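All chains, full assembly: derive it from the sequences and hints.
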Amino acid sequence: MLTVNLIIMIPFLAAIFLPILFKRNAPNYIGWLVFLVPAALFIAIARYIPSVANGNIYLNKMMWIPSYSIDFTTYLDGLSLIFGLLITGIGSLVILYSIYYLSSEESLKHFYIYLLLFMGSMLGVVFSDNLMVLYVFWELTSISSFLLIAFWFHRKGSRYGAQKAMLITVSGGLAMLTSFIMIYLMTGTMNIREIIAAVDINHPLFTPALVLLLIGAFTKSAQFPFHIWLPDAMEAPTPVSAYLHSATMVKAGIYLVARFTPVFGEGELWFWLVTGIGLVTLSWGSFTAVRQTDLKALLAYSTISQLGLIMSLLGIGSMSLDMGASMEAVLFTQATFAGLFHLINHSTFKGALFMVVGIVDHEVGTRDIRRLGGLMSFMPVSFTIAMIGSFSMAGLPPFNGFLSKEMFFAAVLNITQVGIFSLDTWGILIPVIAWTASVFTFVYSMIIVFKTFLGTSRLEVGDREVHEAPVGMLIPPSILAALVLAIFFFPNIVGDYLLRPAMVSIFPSLAEKVELGQHISVWHGFNMEVFMTIGVVAFGSLLYVYMRKWKGVFSLFPTTWSFDILYNNTLLRLESSSSAFTRFYMTGILRDYLLYIYLFFILVIGGALFMTGAFSISQFNQAPIRLFEWILVLVMMAAGISIPFAATRVTAILLNGVLGYGIAALFVVLRAPDLALTQIVVETVTTALFLVCFYFLPQWERGEGQTAPKVKLLNLFISISVGVIFVLGALSVQSGKLFTTISGFFEKADELTGGKNIVNAILGDFRAFDTMLEVVVLFIAGIGVYTLTKLKLGKGGDKVEDQ
Numbered sequence: 001m002l003t004v005n006l007i008i009m010i011p012f013l014a015a016i017f018l019p020i021l022f023k024r025n026a027p028n029y030i031g032w033l034v035f036l037v038p039a040a041l042f043i044a045i046a047r048y049i050p051s052v053a054n055g056n057i058y059l060n061k062m063m064w065i066p067s068y069s070i071d072f073t074t075y076l077d078g079l080s081l082i083f084g085l086l087i088t089g090i091g092s093l094v095i096l097y098s099i100y101y102l103s104s105e106e107s108l109k110h111f112y113i114y115l116l117l118f119m120g121s122m123l124g125v126v127f128s129d130n131l132m133v134l135y136v137f138w139e140l141t142s143i144s145s146f147l148l149i150a151f152w153f154h155r156k157g158s159r160y161g162a163q164k165a166m167l168i169t170v171s172g173g174l175a176m177l178t179s180f181i182m183i184y185l186m187t188g189t190m191n192i193r194e195i196i197a198a199v200d201i202n203h204p205l206f207t208p209a210l211v212l213l214l215i216g217a218f219t220k221s222a223q224f225p226f227h228i229w230l231p232d233a234m235e236a237p238t239p240v241s242a243y244l245h246s247a248t249m250v251k252a253g254i255y256l257v258a259r260f261t262p263v264f265g266e267g268e269l270w271f272w273l274v275t276g277i278g279l280v281t282l283s284w285g286s287f288t289a290v291r292q293t294d295l296k297a298l299l300a301y302s303t304i305s306q307l308g309l310i311m312s313l314l315g316i317g318s319m320s321l322d323m324g325a326s327m328e329a330v331l332f333t334q335a336t337f338a339g340l341f342h343l344i345n346h347s348t349f350k351g352a353l354f355m356v357v358g359i360v361d362h363e364v365g366t367r368d369i370r371r372l373g374g375l376m377s378f379m380p381v382s383f384t385i386a387m388i389g390s391f392s393m394a395g396l397p398p399f400n401g402f403l404s405k406e407m408f409f410a411a412v413l414n415i416t417q418v419g420i421f422s423l424d425t426w427g428i429l430i431p432v433i434a435w436t437a438s439v440f441t442f443v444y445s446m447i448i449v450f451k452t453f454l455g456t457s458r459l460e461v462g463d464r465e466v467h468e469a470p471v472g473m474l475i476p477p478s479i480l481a482a483l484v485l486a487i488f489f490f491p492n493i494v495g496d497y498l499l500r501p502a503m504v505s506i507f508p509s510l511a512e513k514v515e516l517g518q519h520i521s522v523w524h525g526f527n528m529e530v531f532m533t534i535g536v537v538a539f540g541s542l543l544y545v546y547m548r549k550w551k552g553v554f555s556l557f558p559t560t561w562s563f564d565i566l567y568n569n570t571l572l573r574l575e576s577s578s579s580a581f582t583r584f585y586m587t588g589i590l591r592d593y594l595l596y597i598y599l600f601f602i603l604v605i606g607g608a609l610f611m612t613g614a615f616s617i618s619q620f621n622q623a624p625i626r627l628f629e630w631i632l633v634l635v636m637m638a639a640g641i642s643i644p645f646a647a648t649r650v651t652a653i654l655l656n657g658v659l660g661y662g663i664a665a666l667f668v669v670l671r672a673p674d675l676a677l678t679q680i681v682v683e684t685v686t687t688a689l690f691l692v693c694f695y696f697l698p699q700w701e702r703g704e705g706q707t708a709p710k711v712k713l714l715n716l717f718i719s720i721s722v723g724v725i726f727v728l729g730a731l732s733v734q735s736g737k738l739f740t741t742i743s744g745f746f747e748k749a750d751e752l753t754g755g756k757n758i759v760n761a762i763l764g765d766f767r768a769f770d771t772m773l774e775v776v777v778l779f780i781a782g783i784g785v786y787t788l789t790k791l792k793l794g795k796g797g798d799k800v801e802d803q
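The sequence shown begins at 1 in UniProt numbering and counts up by one.
Quick caveat, the hints were computed from the structure, so don't treat them as lab data.
Just so you know, these numbers come straight off a predicted model, no measurement behind them.
Among the hints, a few may not be true.
[What the hints assert, rightly or not] List of simulated lysine-lysine pairs, DSS-like, C-alpha gap at most 25 Å:
hint	residue 1	residue 2
1	Lys451	Lys551
2	Lys109	Lys156
3	Lys109	Lys23
4	Lys549	Lys451
Here it is in structure tokens:
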């Protein structure tokens, strides 16, 4: 079997070789070649299922940066196995779908490279056991998703959606990185398995680490109020939406919460935040989805809603960690079991729905619900798939969504049995909120089916001829629809082989004490959950039928008060403020830029040295200053002071040359002839260049552009301050030798390198890489200069215009 490390790297390797194999336009069959990658990986990961179901785990460790406890450690257990199968399985179907969806005129090579990068990044997230490695892959998912969302970059909406997703998810990732650093400070390890055993809930960093980690998870999984990026990300091609925004990327936050439940789940705050934010997201997403007129926007808000449902279940399940090995604990672990089950179910029916919406857009030319209707007679297969996916999302039998939705109702009802959430308190709101959100879920699910495929067609005369999609485009959603039905009739295959091992990963402290997981039954009799479902169908049907009479309630939530407007206004204010600040200091005057540098040096460097008492001058072991050295220094001082008072440019240049040649003379006195020779050559060339450049400048006489007295005093103060700080700093460094000098090491240059000249040995051997990179920089600069001098104008114009 392939190792997990290799499974992660294969998509990256494929992404590297694609541009090598196809240097220009990619052929149409490139999709089939790429399809082999996730298909092979899915098979490789699936081979681990029997072994993991028997309780085995697979750990692979590669040394990376051991001094900072950063190792490329991967860990395959029940939880990561589920996500690995979703990433590769849905990825295979999405690539198969994209072969028929995307036009051959598209930049297919770039699309598949971005998709492979994302796939490898997601696999890295779910299989990483090291915090820093996980973070690296986490941010790679944000970068690759940015490229995928902006694939149609000629569209303003695509660029806007990509930027929005990038800013929000990367900001959350930085919060998560801060949390990881805090976790390391608390536990002294970067490995998640070791963190679970070492974390201390009483540590002062426990709460801030918990909150920052959840911010990272909530931003990635589009939880309220960070959900605003997901609807705008729907500007991406439909295969991207089906992959990133229903099955993989948005599930990364779910994975993070599930993985760190044994770390933070014992804290009460974890329950309140995860459950509360999940329920708010569920309610707001389902309510907002009903008002959408674009099918992809509707699916976007439905995804937000379903992610909130899964998140709330993980929060409810975390209560079991505070109850020990009791019956109540087992009862609440079933909430997490339901959450994982719905995660799988959601990937199947939502992936199918996204693909069907893509088919409608591809064949009909619009996703506007107000223009659709009556498509069932033209697209019977697409209608069947849409009906299966929508009814499953609504929680109706005989579809897998019914099973996990019933388990969701059972979980929110169980929570009322805990003392602080008795039915006599406001804890009853939790099942009420869950039921109300399910009603709106039923409504928007019916909108997808009835307003798109049933009724009369509202397409105008002259629109394109409607017909069913090609067989190849129907195969992937058909497979997902078949899984929706198969999981309903055989749910315990998923439960026994995937869900139970994942439960052991989330609750390792309970795994040895109680039986985790449950037997999934299609029918439990007429219990409270069934009556809630009947109520959802009855009340939801009424709301759908009389939608026009109550839809005006959405006017109570004007768009001008939305989080989108807050986001847009914040960006506008940041841009205007940054532009104003930039215009303030970017004056285009060299003197101002030097002023900033010197003031920063005086305030920060000088201030820090004075405040810390770092200035300490000692004459101990200092070599005496000889007469020649005094003469040279005094001459250089006189030349330096004379430069500002020079009457002409030539005089200033010559005085500046005196400084350079004076330094060369000091090198001679201090017995460094090679440095003196280098200094003479450089100074000669520099002086000659100065003279040549100034020869072509307008004549300048002293007195032009008089400077105000106050400015002169400021310049004098800054000049003296910088000089004093430099001198005092140099003397302090010379006096305060905290470590043994390394000059003795370099004196062995002949023995160590075979070089007779110490300076050459340092440059060529001891600092070989540094010198090599300096030469490379000069080489690159030379190429740039040569290119600019040889640049010829292209055809069709005589000049290059600003774009």
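Need the status of pair Lys451, Lys551: alpha-carbon distance at most 25 Å?
holds, 16 Å
If you draw a straight line from the CA of Lys549 to the CA of Lys451, is it 25 Å or shorter?
holds, 17 Å
Check the hint pairing Lys109 with Lys23 against an upper bound of 25 Å on the C-alpha distance.
Given that 25 Å is the threshold and the Cα spacing comes to 9 Å, the pair holds.
Given the hinted pair Lys109 and Lys156, is their Cα-Cα distance within 25 Å?
Between Lys109 and Lys156 the Cα gap is close to 22 Å, so the pair holds against 25 Å.
Comparing the model with each earlier hint shows no violations; every hint is respected.
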